[in-house]
Amino acid sequence: SAVISQKPSRDICQRGTSLTIQCQVDSQVTMMFWYRQQPGQSLTLIATANQGSEATYESGFVIDKFPISRPNLTFSTLTVSNMSPEDSSIYLCSVVQDWSYGYTFGSGTRLTVV
Amino acid sequence: KQEVTQIPAALSVPEGENLVLNCSFTDSAIYNLQWFRQDPGKGLTSLLLIQSSQREQTSGRLNASLDKSSGRSTLYIAASQPGDSATYLCAVYGSGTYKYIFGTGTRLKVLA
Numbered sequence: 001s002a003v004i005s006q007k008p009s010r011d012i013c014q015r016g017t018s019l020t021i022q023c024q025v026d027s028q029v030t031m032m033f034w035y036r037q038q039p040g041q042s043l044t045l046i047a048t049a050n051q052g053s054e055a056t057y058e059s060g061f062v063i064d065k066f067p068i069s070r071p072n073l074t075f076s077t078l079t080v081s082n083m084s085p086e087d088s089s090i091y092l093c094s095v096v097q098d099w100s101y102g103y104t105f106g107s108g109t110r111l112t113v114v
Numbered sequence: 115k116q117e118v119t120q121i122p123a124a125l126s127v128p129e130g131e132n133l134v135l136n137c138s139f140t141d142s143a144i145y146n147l148q149w150f151r152q153d154p155g156k157g158l159t160s161l162l163l164i165q166s167s168q169r170e171q172t173s174g175r176l177n178a179s180l181d182k183s184s185g186r187s188t189l190y191i192a193a194s195q196p197g198d199s200a201t202y203l204c205a206v207y208g209s210g211t212y213k214y215i216f217g218t219g220t221r222l223k224v225l226a
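Line order of the protein sequences matches chains A and B. The first sequence maps to residues 1 to 114 in our numbering. The second sequence maps to residues 115 to 226 in our numbering.
Be aware that one or more of the hints could be misleading.
If we take Cβ atoms under 10 Å as the criterion, some of the chain B residues that face chain A in the derived model are [said to hold, decoys possible]: (1) T140; (2) Q152; (3) L158; (4) Y190; (5) L203; (6) K213.
Below, simulated DSS-like cross-link-like pairs (lysine-lysine); rule was C-alpha separation at most 30 Å, straight line [what the hints assert, rightly or not]: (7) K156/B x K7/A; (8) K65/A x K115/B; (9) K7/A x K213/B; (10) K223/B x K7/A; (11) K182/B x K7/A; (12) K65/A x K223/B; (13) K115/B x K213/B.
Here are the computed distance ranges between Cβ atoms for each label pair [stated by the list, open to error]: (14) P85/A x P128/B: 50 to 58 Å; (15) Q165/B x G16/A: 30 to 38 Å; (16) Q195/B x G16/A: 26 to 34 Å; (17) A226/B x T56/A: 27 to 35 Å; (18) S138/B x P39/A: 40 to 48 Å; (19) E129/B x I12/A: 49 to 57 Å; (20) S18/A x K115/B: 40 to 48 Å.
Keep in mind the hints are simulated off the structure, nothing from the lab. The beta carbon of each residue, even a glycine, is placed where N, CA and C say it ideally should be.
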């Protein structure tokens, strides 16, 4: 299965600033996803990162707040913009090489906004 | 709309017990179901994946079963150990949806 490197692993940020999270995969993958996990909650899909085109966002998430790039089949970034304390969460990158093999996740980014 | 529920939400057991975690889903038209483990503040580690055509999968002390028609899966952990303490999540993939829907999770604590 794919190996994912996600950076940073954690960060503490001031409100009003932005943070960019990187997800690097050791092999080409068809689909990449970004999830948010708020404290004590399960995972919520933010968007599907599409190579060479705009990301597909889930209901409740917008591009201005969570811009996503995917310049190639092994790399994606998620930016959390104009942060507020409510954005404090774990952000997770996941990939699928073949739906028969399911998801592989990165190690996550623990974000605290103060 | 697919909804996935896990019961119990939290579980505390003494070391050595066999235990069962439950996962229920509302739409039986799934392609596969995946069980994950998550340690506090960390990412998710895949434990087992069951295809819709399968009834169960085993890995070491873990056994996952799937009853698609009733919308249920169980994760059986044999001879639990303190190192098994974590949150366990199930996720279902519906054919053609191109994403997994996650359950609410079960937080397990195994006491030494």
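Tested hints:
Checking T140/B against chain A by beta carbon gives a least distance of about 15 Å; that is not within 10 Å, so the hint is violated. Annotation: interface hint on Q152/B holds; nearest CB of chain A at approximately 8 Å, less than 10 Å. With 10 Å as the threshold, the beta carbon of L158/B comes within range of chain A, its nearest partner Cβ sitting at about 4 Å, so the hint holds. Taking 10 Å as the C-beta cut-off, the interface hint given for Y190/B is violated, the closest approach to chain A being about 19 Å.
About 7 Å separates the beta-carbon of L203/B from the nearest beta-carbon of chain A, less than 10 Å, and the hint is met. Evaluation of the K213/B hint against chain A yields a held restraint, the C-beta minimum of about 6 Å falling below 10 Å. Distance restraint check for K156/B and K7/A: the Cα-Cα separation of roughly 13 Å lies within the 30 Å cut-off, and the hinted pair is therefore satisfied. Annotation: proposed proximity of K65/A to K115/B holds, straight-line Cα distance about 25 Å (limit 30 Å).
The suggested pairing of K7/A with K213/B holds, with an alpha-carbon distance near 23 Å, which does not exceed 30 Å. For a cut-off of 30 Å, the pair hint linking K223/B to K7/A stands: about 29 Å separates their Cα positions. About 37 Å separates the Cα atoms of K182/B and K7/A, which puts this hinted pair outside 30 Å; it is violated. Taken as a hint, the K65/A and K223/B pair is broken in the structure, with Cα atoms around 36 Å apart against an allowance of 30 Å.
Distance hint between K115/B and K213/B is fulfilled; the C-alpha atoms sit about 13 Å from each other, no more than 30 Å. Taking 50 to 58 Å as the suggested C-beta distance range, the pair P85/A and P128/B does not conform, at roughly 39 Å. Remark: the range hint 30 to 38 Å for Q165/B to G16/A is contradicted by a beta-carbon distance near 47 Å. Taking the beta carbon of each, Q195/B and G16/A are about 45 Å apart, not inside 26 to 34 Å as hinted.
Checked against the hint of 27 to 35 Å, the pair A226/B and T56/A fails, with Cβ atoms roughly 46 Å apart. Taken as a hint, the range 40 to 48 Å is violated for the pair S138/B and P39/A, whose Cβ atoms sit roughly 24 Å apart. Judged by the Cβ atoms, the range 49 to 57 Å given for E129/B and I12/A is violated: they are separated by roughly 36 Å. The beta-carbon spacing between S18/A and K115/B, approximately 32 Å, falls outside the hinted interval of 40 to 48 Å.
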